[in-house]
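K.L.:
Next come the chains, spelled out residue by residue.
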Amino acid sequence: MAGTAKILVFIDSPDGPLHKVQRELLTLAGTLGEPAAAVSSPPDEALLAELAGYGAATVYQPAAQLEDSLVAPNAAFLANVVREAAPAAVLLENSYEGKETAARLGIKLSSGVVTDAIAVAPDLSVTKSVLAGAYTVVAKVTTGTPLITVKANSIEAAAGTGTGMPVVVEVDPGEPGPAARVTERSAKPASGRPDLGEARVVVAGGRGVNGDFGPIEELADALGGAVGASRAATDAGWIDHSAQVGQTGKTVSPQLYISAGISGAIQQKAGMQTAQVIVAVNKDADSPVFEIADFGVVGDLFQVLPQAAGEIRKRKG
Amino acid sequence: MHKADNSALKIVVLVKYVPDTQFDRHLTANSHTVDRSESILSELDEYAIEAALQLIEARGGAKAGNTVTALTVGPAAAVNAVKKALQLGATDGVHVTDEALAGSDASGTSLVLAAAIRSLGPVDLVLTGMASTDGETSLVPAQLAERLGLAQLTFAASLEVDGGVVTARRDDGQESETVQAQLPALVSVTDQINEPRYPNFKGIIAAKKKKVAELALSDLGLDPGQVGRTGAWTTVLSAEARPPRGQGTIITDEGDAGIKLVDFLASRKLL
Ligand SMILES: Cc1cc2nc3c(=O)[nH]c(=O)nc-3n(C[C@H](O)[C@H](O)[C@H](O)COP(=O)(O)OP(=O)(O)OC[C@H]3O[C@@H](n4cnc5c(N)ncnc54)[C@H](O)[C@@H]3O)c2cc1C
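Those protein sequence lines, which keep their order, are chains A and B.
The numbers in full-length UniProt numbering rise by one with no breaks, and the one at position 271 of the first sequence is 271.
The numbers in full-length UniProt numbering rise by one with no breaks, and the one at position 162 of the second sequence is 162.
Please keep in mind that the hints were generated in silico from the structure rather than gathered at the bench.
A virtual CB, placed ideally from N, CA and C, is assigned to each residue, including glycine.
Do not rely on the hints blindly, as some may be mistaken.
Pairs of lysine-lysine, DSBU-like flavour, derived with a Cα cap of 30 Å [as the list claims (entries may be wrong)]:
id, chain 1, residue 1, chain 2, residue 2
1, A, Lys316, B, Lys269
2, B, Lys208, B, Lys63
3, A, Lys20, B, Lys269
4, B, Lys260, B, Lys63
5, A, Lys250, B, Lys269
6, B, Lys260, A, Lys316
Between beta-carbon pairs, the in silico distance windows are [claimed, not checked]:
id, chain 1, residue 1, chain 2, residue 2, range
7, A, Arg313, B, Thr252, 41 to 51 Å
8, A, Asp15, B, Ala266, 33 to 43 Å
9, B, Gly164, A, Glu198, 39 to 49 Å
With the rest of the complex left out, here is chain B (with noise of 0.2 Å):
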């Protein structure tokens, strides 16, 4: 699959349609998963489908034969994730549904990515969000790329693509690194790599012409036992609302208020 060109790229988007973070989120009491009624496309996503259209954009979009497949695994209405992606610019969708994935862990959802990704023959680029705005764990990048045996370079807060290299900065917190592989390769970014844009009207319009792939477990080949809750490696065993912080004291300055937080924070031993 070695791109030793510039010529039209084959480019894999996740997706995923999370709880709007703008909202209270809730876990459900029986079975301690995430409420996703009030979702939306989680917006670290956002980031990585405007990476992947600015880099098929430079190519000559679409009409080049350049691709972006935005992929995602969910109940139903997940499918809305994949249309806005569609609305912004990625040229067609695929969508696993089925009953038997509720309750999956990062390896359940690595592995039906994996198949389905597969599926779709030679791919140069999976590009991925910095995490899922719900689980958090930025597990799901590292184990697709491990399933798929290719080089991952994650966090990326720029992203080039040239001569079938792939070049990224990433900022680790004590220093800033370059990290670079052939194609293909699975690559997360930043919300520090670009300004997502908006769909327009005309996104809008066309993207109700763009084809959805609905896949079930059985059109991967995949087995229900494999994923879902009764395949998860983890689970967890209790969930607990975390109580509201208790009222604190505000105060409004008059004068003293920086002596005032020193007391505070004297009486709270934290001198």
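If we strip away everything but chain A, and leave its shape as in the complex, we get (with noise of 0.2 Å):
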């Protein structure tokens, strides 16, 4: 049920084309209201194009430059967005920036946060499950306008029939106050695999590896899949940290975790036992990764991995 209540859509540097949470974020708009987007540069004419499919009848854009700096330039800007478009609820993304924007601009405008929603109903309550997935909750915010921040793949992103070009509102970017500035940038090389937070299906392995993770790349790679990684794995340098899965990593829900080779300590649980349907290959029959697994290989990843890609490619033929 489309109500006439603006909800605002957070578009965080954009680079090009929307990515792929941010076309969810407008999608969820859509259907809890008429969406709008605060960008925090200004949209080139196919941003434009693009938010308008989603249904976006204004876009509010800073008047002046956003300073590069952590969260601060971010939540002062986005308070006089909200100051001028009164929306019902603002959809952030769930990452550290868009929590902790959530954050400082819960403080500047009186407002409650709720953070790692899987789904937000009509009436603004959100769900969300809580103690590293051991409970589901209901949680609604009671003060100000609700600040959600919303996890990937939590609606299938559709562009509805957008009509027309959105008007573009330039708004004051306000005062951010003390700041960390960014001093340094370094892009980590793209593995061309889908972003680990965002992924459909998610390929991991532990220490189980020993050094190679070789075949688990083969078997992402023939189910189009992210690779994720135990912290065992990524201490030890065999993957990027941005690789790890679990407490102090990411967390994941994708449709399918593949988990080989790691042993299912609790902090890595916290990370993936959302996941829809999970697979284990381990060579240990009593290792506690078989306690969440929906089918579990008691095997060598060695042998069993490459016996499953290889299948695949032949069945996709």
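Two chains, two frames, a set of hints: combine them into the complex.
P.N.:
Below you can see the structure in the form of structure tokens.
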């Protein structure tokens, strides 16, 4: 039921087409009311057209360039957008920057924040899981404008039949106050695989890969999935830290999580046990990972994974 | 409060008393709050304590006037988190406790933490863990930075303080960033930053002589209505324990498990 209230979606640092999560946020906004977008830098024509496609009638952009600092400039700008647009809710990405922007915005606007949303109902109540997936709760903001950070894959992105270009409104970027400046950025080499946080399939390896992520990558590629890892594997330096899944890494909820050579410690489970289907390959039959597996293979990952990858390629032919 | 030199540092480390993640954790049936029996110092806060201790040790430690104050907000037993920090080497502690605090959300908690930190006078650095292992939202550090008007350097995988400037490296998935700010600042650290120490016998004995100030809301000029369930800006309407995952099919590889795995994926339409 689409109402008429504005639902503001924050699009951080647009750099080309909208990302998957941003398209999901706009789609979700469309189910809750009339989508509007706040972009942290001026959108080009292509982006405006894309935003229009998702039903955004109004796009708010900063009247002057935002500082390249952490969180504070985004929060100051968004506070002014909320004052101008008076939306019924603001949706943000569930990234570090998204959550923390919501956090500071919450203080500026005396508004409640709910993070890690997996669903948002028309009455703006939010479903999320807590205690590392042990509970599912429904939470609601009771004060101010609800600020909600939404996890990837919570909704299937679907562009509507947007009509006409959005109206662009310039908003005073506000005063961010003391902030940490970004003095250096180094992009990581692109893997060509889907983003770990957004992927529908994740194949993850642990200490059991013993330095060789080859079989993990091969199976991930056969399935079009992302590569994940346990902390033991990232600590060993076999793969970049950004691949870590778990309490102190990424929290993923893919349709399929294949765990190979990972024992299934509580901190690992915290990041993956809300996956829809879990497959485990481990040579130790007593490994705790089998307690949460829908399908488990007691066996050597160096045998099982390449065989599975070969079979998938054969069937996809 | 700017520090142009490398004189003594005054650091506050936030510590939280949380249910041990090694056991099953529960929400209470009536109030949907976390059951806090079987609690310990949040393991993610150990990294913040270690980072603070390394910073002051490099500057001559407590003898040279550096301080690390461990601060917690929570029920009576939460003082155990402060005590653990003192055993590890924190120089003193503050425990804010009050009946009215029960059911506080991030906004209420950050309000109390901000008031407690202001009551300590000028501080150079506020250090926190990257999240609490129970709330898991990472909202409090950013909200505290906003309330105190501090630059935030969050999710730091490395940390340096030199000449009044704090520099951190953070890893954001697609890229790695170096960020910098003037002191005073708030820094949250990840488990990549260091290897936390264990308390030793000497530390445990020394901790007994260290002071823990116990403060109530009234000591901080706060009103009970601003915190707890009444002051919260969010509420939990319902909570349901996740149904245990049904027992899956476990097979032992007899040479064709890779094929069977693919059969399973096909049966679930996952190919
Ligand atoms: C504060 C803190 C935060 C943490 N955060 C995280 C986190 O975010 N994510 C995380 O993953 N961990 C985290 N950990 C670490 C966690 O406690 C475990 O130590 C870690 O997950 C173990 O990784 P592992 O399963 O790969 O290694 P192990 O526990 O050593 O397990 C390796 C497994 O591989 C199997 N194996 C070996 N060879 C083969 C083979 N050829 N074929 C098949 N199986 C094989 C073995 O049977 C074993 O089960 C954290 C720890 C702490 C203290």
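K.L.:
Does each hint hold? Answer for all of them.
P.N.:
Quick rundown of the hints versus the structure:
1. A:Lys316 to B:Lys269: holds (13 Å)
2. B:Lys208 to B:Lys63: OK: lysine 208 (chain B) and lysine 63 (chain B) at ~18 Å, within 30 Å.
3. A:Lys20 to B:Lys269: Given pair lysine 20 (chain A), lysine 269 (chain B) holds - Cα atoms ~22 Å apart, limit 30 Å.
4. B:Lys260 to B:Lys63: Violated, at about 66 Å.
5. A:Lys250 to B:Lys269: Between lysine 250 (chain A) and lysine 269 (chain B) the Cα gap is close to 25 Å, so the pair holds against 30 Å.
6. B:Lys260 to A:Lys316: holds (16 Å)
7. A:Arg313 to B:Thr252: 41 to 51 Å: Once the Cβ atoms are compared, 25 Å apart, the range 41 to 51 Å for threonine 252 (chain B) and arginine 313 (chain A) is violated.
8. A:Asp15 to B:Ala266: 33 to 43 Å: Check passed, 38 Å falls within 33 to 43 Å.
9. B:Gly164 to A:Glu198: 39 to 49 Å: holds (40 Å)
Violated hints, in rising order: 4, 7; the structure is consistent with all others.
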